[in-house]
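In order, the protein sequences belong to chains A and B.
For the first sequence, the tail end lands on 353 under this note's numbering, and the numbers increase by one without skipping.
For the second sequence, the tail end lands on 546 under this note's numbering, and the numbers increase by one without skipping.
Check before you lean on any hint, since a few could be wrong.
What the hints assert, rightly or not - Heads up, simulated SDA-like pairs for lysine to any residue below, C-alpha to C-alpha not over 20 angstroms straight-line:
no., chain 1, residue 1, chain 2, residue 2
1, A, Lys102, B, Arg457
2, A, Lys112, A, Leu91
3, B, Lys282, B, Ile79
4, A, Lys168, A, Arg204
5, A, Lys75, B, Met444
6, A, Lys105, B, Pro455
7, A, Lys168, A, Lys75
8, A, Lys102, B, Ile79
9, A, Lys75, B, Arg125
Please keep in mind that the hints were generated in silico from the structure rather than gathered at the bench.
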Amino acid sequence: MAYLAIAGATKQFGPDFRALDDVSISVERGEFFTLLGPSGCGKTTLLRSIAGFSDLTSGSITLDGSDLRRIPPHKRDIGMVFQDYAVFPHLTVFDNVAFGLKPRKVPSAEMKQRVDEALAAVRLSPLADRMPAAMSGGQQQRIGIARAMVINPRLLLMDEPLSNLDAKLRIELREEIRDIQRQIDIAAIYVTHDQEEALAISDRICVMNAGRVEQIGTPQEIYGDPQTLFVARFVGTLNTLSPGPALDALLKKLKLPQSGVQTWTVRPEQLELFETGAASADAAALSGQVSKYTYLGREAHVQVATDLGHLIVQLANPGTSAGYRRGENVSLVIRRDAPMGFDAAGRRVPMGV
Amino acid sequence: MPRLNFWTLVSISTWLLLLVLLFLPVGSILISSVYDDAGNFTLANYARFLSEPRFHRAFLNTLVVGFGGLAGALLLGSIMAFCISRFVIVGSRFVSLLAILALVSPPFIGAYSWIVLFGGGGLVRGWLRAVGINIPPIYGLAGILMVFSFKFYPYVYLMVSGALSNVNRSLEEAAEGLGLTPWQRAFKISFPMVFPALSAGGLLALIHAIADFGTPRLLGRGYNVLATEAFNLYSAEIGSNMSMATTISVFLIAVSMFFVMLQRYMSRRNVYHGNMINKPIKIRLKGWKNVLAHFAVYAIGFLGALPVIVSVIYSFRKTSGPVFKPGIGLQSYERILFNLGDVVRNSVSFSISAVALIVLVGTLVGVLVARRTNLNTSLLDGAFMIPYVMPGIVIGIAFIAAFNTGPVVLTGTAAIIVLSIFIRRLPYSVRTTASALRQISPSMEEAAISLGYSPFRAFLRVTVPLIVPGIVAGGMLSFVTAINELSSSLVLYVGSTMTMPVRIYLLILDGDFGTAAAMSSLLLLLSGLAVYVAFRLMGRNEQALL
Numbered sequence: 001m002a003y004l005a006i007a008g009a010t011k012q013f014g015p016d017f018r019a020l021d022d023v024s025i026s027v028e029r030g031e032f033f034t035l036l037g038p039s040g041c042g043k044t045t046l047l048r049s050i051a052g053f054s055d056l057t058s059g060s061i062t063l064d065g066s067d068l069r070r071i072p073p074h075k076r077d078i079g080m081v082f083q084d085y086a087v088f089p090h091l092t093v094f095d096n097v098a099f100g101l102k103p104r105k106v107p108s109a110e111m112k113q114r115v116d117e118a119l120a121a122v123r124l125s126p127l128a129d130r131m132p133a134a135m136s137g138g139q140q141q142r143i144g145i146a147r148a149m150v151i152n153p154r155l156l157l158m159d160e161p162l163s164n165l166d167a168k169l170r171i172e173l174r175e176e177i178r179d180i181q182r183q184i185d186i187a188a189i190y191v192t193h194d195q196e197e198a199l200a201i202s203d204r205i206c207v208m209n210a211g212r213v214e215q216i217g218t219p220q221e222i223y224g225d226p227q228t229l230f231v232a233r234f235v236g237t238l239n240t241l242s243p244g245p246a247l248d249a250l251l252k253k254l255k256l257p258q259s260g261v262q263t264w265t266v267r268p269e270q271l272e273l274f275e276t277g278a279a280s281a282d283a284a285a286l287s288g289q290v291s292k293y294t295y296l297g298r299e300a301h302v303q304v305a306t307d308l309g310h311l312i313v314q315l316a317n318p319g320t321s322a323g324y325r326r327g328e329n330v331s332l333v334i335r336r337d338a339p340m341g342f343d344a345a346g347r348r349v350p351m352g353v
Numbered sequence: 001m002p003r004l005n006f007w008t009l010v011s012i013s014t015w016l017l018l019l020v021l022l023f024l025p026v027g028s029i030l031i032s033s034v035y036d037d038a039g040n041f042t043l044a045n046y047a048r049f050l051s052e053p054r055f056h057r058a059f060l061n062t063l064v065v066g067f068g069g070l071a072g073a074l075l076l077g078s079i080m081a082f083c084i085s086r087f088v089i090v091g092s093r094f095v096s097l098l099a100i101l102a103l104v105s106p107p108f109i110g111a112y113s114w115i116v117l118f119g120g121g122g123l124v125r126g127w128l129r130a131v132g133i134n135i136p137p138i139y140g141l142a143g144i145l146m147v148f149s150f151k152f153y154p155y156v157y158l159m160v161s162g163a164l165s166n167v168n169r170s171l172e173e174a175a176e177g178l179g180l181t182p183w184q185r186a187f188k189i190s191f192p193m194v195f196p197a198l199s200a201g202g203l204l205a206l207i208h209a210i211a212d213f214g215t216p217r218l219l220g221r222g223y224n225v226l227a228t229e230a231f232n233l234y235s236a237e238i239g240s241n242m243s244m245a246t247t248i249s250v251f252l253i254a255v256s257m258f259f260v261m262l263q264r265y266m267s268r269r270n271v272y273h274g275n276m277i278n279k280p281i282k283i284r285l286k287g288w289k290n291v292l293a294h295f296a297v298y299a300i301g302f303l304g305a306l307p308v309i310v311s312v313i314y315s316f317r318k319t320s321g322p323v324f325k326p327g328i329g330l331q332s333y334e335r336i337l338f339n340l341g342d343v344v345r346n347s348v349s350f351s352i353s354a355v356a357l358i359v360l361v362g363t364l365v366g367v368l369v370a371r372r373t374n375l376n377t378s379l380l381d382g383a384f385m386i387p388y389v390m391p392g393i394v395i396g397i398a399f400i401a402a403f404n405t406g407p408v409v410l411t412g413t414a415a416i417i418v419l420s421i422f423i424r425r426l427p428y429s430v431r432t433t434a435s436a437l438r439q440i441s442p443s444m445e446e447a448a449i450s451l452g453y454s455p456f457r458a459f460l461r462v463t464v465p466l467i468v469p470g471i472v473a474g475g476m477l478s479f480v481t482a483i484n485e486l487s488s489s490l491v492l493y494v495g496s497t498m499t500m501p502v503r504i505y506l507l508i509l510d511g512d513f514g515t516a517a518a519m520s521s522l523l524l525l526l527s528g529l530a531v532y533v534a535f536r537l538m539g540r541n542e543q544a545l546l
């Protein structure tokens, strides 16, 4: 049995709203597991039921073989990191981190040692005696992380811990969180709505939507092989190909089956751009006109008006050239393995490529 | 779960408390107003109220002093708020202190100090007459309105200055960019933004003006309002008419409640949450405008604090009996020390008892209201509005009506005075605790729970330390209100339970202004200490005084 196993988790709010609908996941020891989804998808509700702050309507949660739902939250031995940091403003940084060791009756010498280690891990040792009130968000969250991990919890939960921080710090701190988690080798469940963060930090990702699990997999599987239209759209960007004779012709040329597919999509980085039509054997060319050019430094997005609608092409390393002008005629190349087809229910249709 | 039971118990006890200390007394005045002395049901009192010119006049006068006081307070308060929040005023913190002084000054003494200066034989009037300027004495409506304006303007000032300094400057800049003139900007942007604060401050001034009993009593000279009529009918040595007094009380409650509802209705949609990104800057005025702004602010501040200043000065004047002699002396304080020690002791012990109760019960109910929001707690929150707007005289009469006979007889005890203060101030304590709690993120307690603390211990170890400074500060401010409470105590006191404000009132009626001034100064000192402690604990937050 998995280290953490959740089976058939359902949470009903009132008669009409189901925040969680038959969710089952399992997390292994030492695994970094991310719940990813838009706000209201149930990811925080799931996390809070693991922590014990809200109980499930039905379903089971077991941690290392013991039934968590029977254990009150303060006895679950689960560390939690909060979105708003929840740092105690009336205690020093040291006392904040030591807070969880007190009910565990850790001897004071050992307490000092463990707190010092935890503070060193989050690089806050010089601030141990300061009050946290005037500290930056990044520093406060570091306190929150140290406080949660110092108790050597059986499980570490993180509820959008980086969403209140600015972009640069977010990237820096997520690397630190990943390093610390690997170092102490603990199972971690991380909630986020930021797909890039999820891809960067996770061993496995569970994408959720409207209280249900859409797909569970490694970052590569989630991004490269999305099983539902929702996952494909939510993780990364997606071009939808407009139906019509042009699409039929394209599919015919690429020898892709059309039966059962409702929506055809393709990722921007799977498209290529040529000034003149030059297509290899297993690819098709599509002519169009540049309608917008967006330069982003390390990449650029070219929007091309084609018979399949406005398609975005992502160019890596656009360099310092002026790029494409509006109205310029271009040729767009679609390889045979690029399009992804989804059926009427939004499920991926296998192509057998 | 034991915790759930505990809070259910708190909820039930709170309702019981309200039943005994609020609904029962209010019910008693309603009942008393519809029964005659023989115990028969009658609407004669209401008929009398509606037919007798004496009551018509009192009712009309109440509205006149209410709205007159409101207008004066709005005018003075807005001028001061505008100048201090928008212009650089030298010593603006000192001026704010003067406003606080006016706010915590003991009742009655204000009216009397004005008489000392501008009354029949008034000091200032005398000086002016010597240089050939004759002004009429301050008695009557004009005097009442003047005292009210200078006593109640701090309500408007403190409310509005807070709101004005939070109006996002970008809004005004945007209006400027759209081509509005400064006047249009003031009326179309700034005014609507501060309207809720303006109306809330105005409401406080209005409610206090309607409830005020001392000022019309001393300055009115026949200008009677409902509060004085109710007291006269209640306390008349011959022909005391309790049922007529309670009838008037019913009208007083109705008038107060009506204005509270009106203010809520008027500002129902105007709730703006200012963000702090772009705070207004203070303009440094030049030339005559600068002089004018400083003059206005200092004139209002000093005139408002004048009664306090006068009574402190007079408390150190040499006296012989009630007569002032030239020179400085401490006889007034000696008299308090040797003859009136029990009055001071009463005041201090009653206030401390009331505040202890207020803090204890207010915190529990505040936690209940903030943490367990449901229909029950919303109703509780609403019920607490009633004692908040009840005039002191009415509370006093209601307590007499409820506890004079029947199973619990409390008249003449210290308990009845403590309880009357307690119920009037409890809503404030509930509100401050509830709002302090709502500002603490629930994840704070959850963090403690996840770290191994039981919910109750998490509350004790995390939430309580965070709200304690606010609770103690709130208690200190309640102490200020409690120790200055006059009108309900005036109805409820007996010889052995006399308090300082009551004694001051009686001293003034006896013409012993020296002792009254000394006692007022003592009250002021106690209030000032409490305010100081409160500000030390929670930062200088003048709005908390409201």
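Hints, verified against the model:
Proximity of Lys102(A) to Arg457(B) is assessed by CA-CA distance (about 12 angstroms); at most 20 angstroms being required, the pair is judged to hold. Between the alpha carbons of Lys112(A) and Leu91(A) the distance comes to roughly 15 angstroms, so the proposed pair stays at or under 20 angstroms and holds. At roughly 15 angstroms between alpha-carbon atoms, Lys282(B) and Ile79(B) fall within 20 angstroms of each other, so this suggested pair holds. As the CA atoms of Lys168(A) and Arg204(A) are separated by approximately 24 angstroms, the hinted pair breaks the 20 angstroms bound.
For a cut-off of 20 angstroms, the pair hint linking Lys75(A) to Met444(B) stands: about 17 angstroms separates their Cα positions. Restraint check: the Cα-Cα separation between Lys105(A) and Pro455(B) comes to about 18 angstroms, which is no more than 20 angstroms; the hinted pair holds. The suggested pairing of Lys168(A) with Lys75(A) is violated, with an alpha-carbon distance near 36 angstroms, which exceeds 20 angstroms. Simply put, Lys102(A) and Ile79(B) have alpha-carbon atoms about 55 angstroms apart, too far for the 20 angstroms limit, and the pair is violated.
For the hint linking Lys75(A) to Arg125(B), the alpha-carbon distance of about 77 angstroms lies beyond 20 angstroms, and the restraint is violated.
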